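S.K.: Here is how the chains run, residue by residue.
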Amino acid sequence: MKTNLLPEFLVERDERRCIRCKVCVNQCTYETHSYDEEDDVICSKDENCVNCQRCVTFCPTHAITIRKNPNVNTENANWTVAAIRDLKKQAETGGVLLTGMGCDKPNLTYWDRLLLNASQVTNPSIDPLREPMEIRTYLGAKPDELEMEMENGSILLKTKLAPQLRLNTPILFSAMSYGAISLNVHEALARAATKCGTYFNTGEGGLDKRLYKYGDHAIVQVASGRFGVHPDYLNAGAAVEIKIGQGAKPGIGGHLPGEKVTPDVARTRMIPTGTDALSPAPQHDIYSIEDLRQLIYALKEATNYTKSISVKIAAVHNSAAIASGMVRAGADIIALDGVRGSTGAAPKIIRDNVGIPIELVIAQVDQRLRAEGIRNKASIIAAGGIRSSGDVIKAIALGADAVYIGTAALVAVGCTVCQRCYTGKCPWGIATNDPWIAKRVNSDIATERLVNLLRGWSLEIKDMMGGMGINAIESLRGNRLALRGVGLTDTELKILGVKMAGA
Amino acid sequence: MRNLSMLTNPYNDDKDFDGCSIFGMMNVEGKRFSSRDPIKAIANMHERGNGLGGGIAVYGIYPQFENYYAFHIMYLSRDAKEKTDRTLATSFNIIYDEEMQTRPAKVIDPPMVWRYFVQPRKRRLGKMTADDYVTEKVMQINTETGKAFVFSSGKNMGVFKGVGYPEDVADFFCLEDYWGYLWTVHGRFPTNTPGWWGGAHPFNILDWTVVHNGELSSYGINRRFLEMHGYKCTMQTDTEVLAYAVDLLMRRQKLPIEIVTKVLAAPLWSEIDNMEPKQQQAYRAIRQTYGSLLMNGPFSIIVAHHGEMIGLTDRIKLRPLVAGTKGDFLYMSSEESAIRLVSPTLDKFWALRGGEPVVGKLRNPHKTTSLEEN
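Top to bottom, those sequences are chains X and W.
Heads up, our numbering is the position in the first sequence plus 24, with the first residue counted as 1.
Heads up, our numbering is the position in the second sequence plus 16, with the first residue counted as 1.
Keep in mind that a hint or two might mislead.
Here are a few chain W residues that face chain X, going by a calculated C-beta distance under 10 angstroms [claimed, not checked]: (1) Ser233; (2) Ile237; (3) Arg268; (4) Leu271; (5) Asn290; (6) Tyr299; (7) Gln304; (8) Ser308; (9) Gly313; (10) Ser353.
Keep in mind the hints are simulated off the structure, nothing from the lab.
Small disclaimer: the values here were computed from a predicted structure and weren't measured.
Beta carbons: idealized from backbone N, C-alpha and C, even for Gly.
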């Protein structure tokens, strides 16, 4: 069948600049570029290009420009270029259209319609360069009250607290499984989390034995496929997370194609090499909230009550009620993943249409848990499209204790959000397990980039807090008076629990 | 009673924003003294207020009614009083009630002020403690009509407050007739509250009072945390949350004041990390559990209840507070000059360190007498 699809991007090469070094030829994993020895010229197959910017970044003479193909259908607000492209693709393949990364549709971001406060006159702003500014955060269940006594000027604590995760900055690396991403990236996340005093999440693919030394800074995930779950794994981490859902694909399972299941991945996941790793849509031992309680306590038993148990759900319509049930079922941490959350592979139709924005869910869950008097029983981690320290601080002011970042961390390593993770050919060496491509990520350099990112964000968070006259992050957490909305309806403001700017 | 809004901040700002003068004076032997010195001291800090709020809390003023809750209620309408009287009559045995003694003074739009001595009805009390019952009823009255407001609800103590300079408010309430062993006084400089009597300090619940100079940047979360524990923050002011926080921690959760001050003005993590392991654990638990009650932003406060007067500033000390002692007297003040005016020589004088409390306690909490009688 002749394809009706035109190339999405055009590769333009400035012949005056090109020195025929063939970097582009070697770097492109989609075989876009080729060198013609006879004519001493480099040619490009536009239809292969995914606009990952790898060749553009590595071309020593900046000879390459990738352009959006201007040959598109007549402008139409309903039948957009993307819609027509998808239709044609589907007509030619008859399958479910796959994609990677988070939902790319506009108008789902509330962060940009929330603005922060600052001190003027009636209270002083605090200079974070000269005064202490505390962003340390502890995740885990907190008691309703403490029993304490004074004894010769020192405090005698009688209450025993549940296990707590100490975060030096309220940012964790989101669940990204070994298999979906390469070992080098997994290692970089682990090392950066260790260096920065925070945590990385193993994702559902287990933890390679070589990374167990970073276990103190790992949240080990238990998902529906139970890949790589065994007692050593559970006890290697600082906390255990039960994955119920993911913001990019609420309600469905996962699929790691057999090509990505290399011998190392297979060993870690405890499955045969080269077989597809399929995570079922539900956890087949959790068909109800009481089943969740059983799994939570099974994991608490398995770890001798020394680890916090987190439960991660996708942000959906009844998240507030579900979250309340999760807390009552014994979850110490609840992780909420919004509609803009990313994935290594998901059906495009689900990624773009299922789930709701994280901002609304943070606000609703925090409020519901407070109304029921159980907000202290669990910490909230928000995830799904956190792009900057501004988003982090807004999430915390809405009511989150901390945030997970996935895409932002991968971008720090090199990702350009081209949305082709599902191909397994990530030219940046991130979402791939092809050893030839995966070695493009140097774990030392990736670690440094991730550490820099967390450091920069932490400094920015302190700057914004100081401006508000707040020197401890707990005074900002759930403090919605620090926020005002613009361009929001009354209903949206009410759900967010935020006043209109100017009011 | 024209132009009298029931709101602390009629413009519906997040909270009220004000600067202030605060002064506290206590006789640790429990000897009662007159309003002369406290009022003279606060009047000396006239420039720190703007005449839009002043108030006084006094302990030990109703010895003849010391077993009954003394309610001071302001009414903005006759209807509100009728309705509130019915609520009071069904919930309490009213031992005695009267219109409070006042005189014309330089205060703005005074409401009707009434005093009741009450006792919870046993049958209604059920399993609740009397204090919890009274707290609930105070919250009920304050929200029920929108025009009745209980501004004092403790035993053998009273709050007197209104819109005017504190010395004028004292004049209005004829405070020269009252004798107490502990006085706290407040002069106010609000920026967004033109004239609501209930918005003046001290804030009170049961026998707890708070006078506060400052602005709580953490108000939004302090309030939401307290709401989770059943407190209704009706006054849109940050001082209110201080009073409820102290009530929650000290009365309901029975934490000693030394620990409560570590909740309100927690030590920095860098300080905690240098403590010995057991103390680290205890202080960490305080910040983990009560982080939402950390009072962040500039403040100095004097908190009082029967037998105790506590001075505290925020942990990086963004507002002033000094203290001094002379004989059996403990003084706390925004400015040294106010203390020196009433007691030119002092045995001890010091400026409080950020987050470090000063706690004045009665030597014998069960014995209070009048200086006059000696």
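S.K.: Could you run down the list of hints and mark each one as holding or not?
M.R.: Going down the list of hints, with the structure as the test:
1. Ser233: Holds, because the Cβ-Cβ distance from Ser233 (chain W) to chain X comes to roughly 4 angstroms (cut-off 10 angstroms).
2. Ile237: OK, holds: Ile237 (chain W) within 10 angstroms of chain X, min 4 angstroms.
3. Arg268: holds, 8 angstroms
4. Leu271: holds, 6 angstroms
5. Asn290: violated, 13 angstroms
6. Tyr299: holds, 7 angstroms
7. Gln304: holds, 5 angstroms
8. Ser308: Since the shortest Cβ distance to chain X is 6 angstroms, the answer is holds.
9. Gly313: Cβ of Gly313 (chain W) sits 5 angstroms from chain X, so the hint holds.
10. Ser353: violated, 23 angstroms
Violation of the numbered hints given earlier is confined to hints 5 and 10; the remaining hints are satisfied by the structure.
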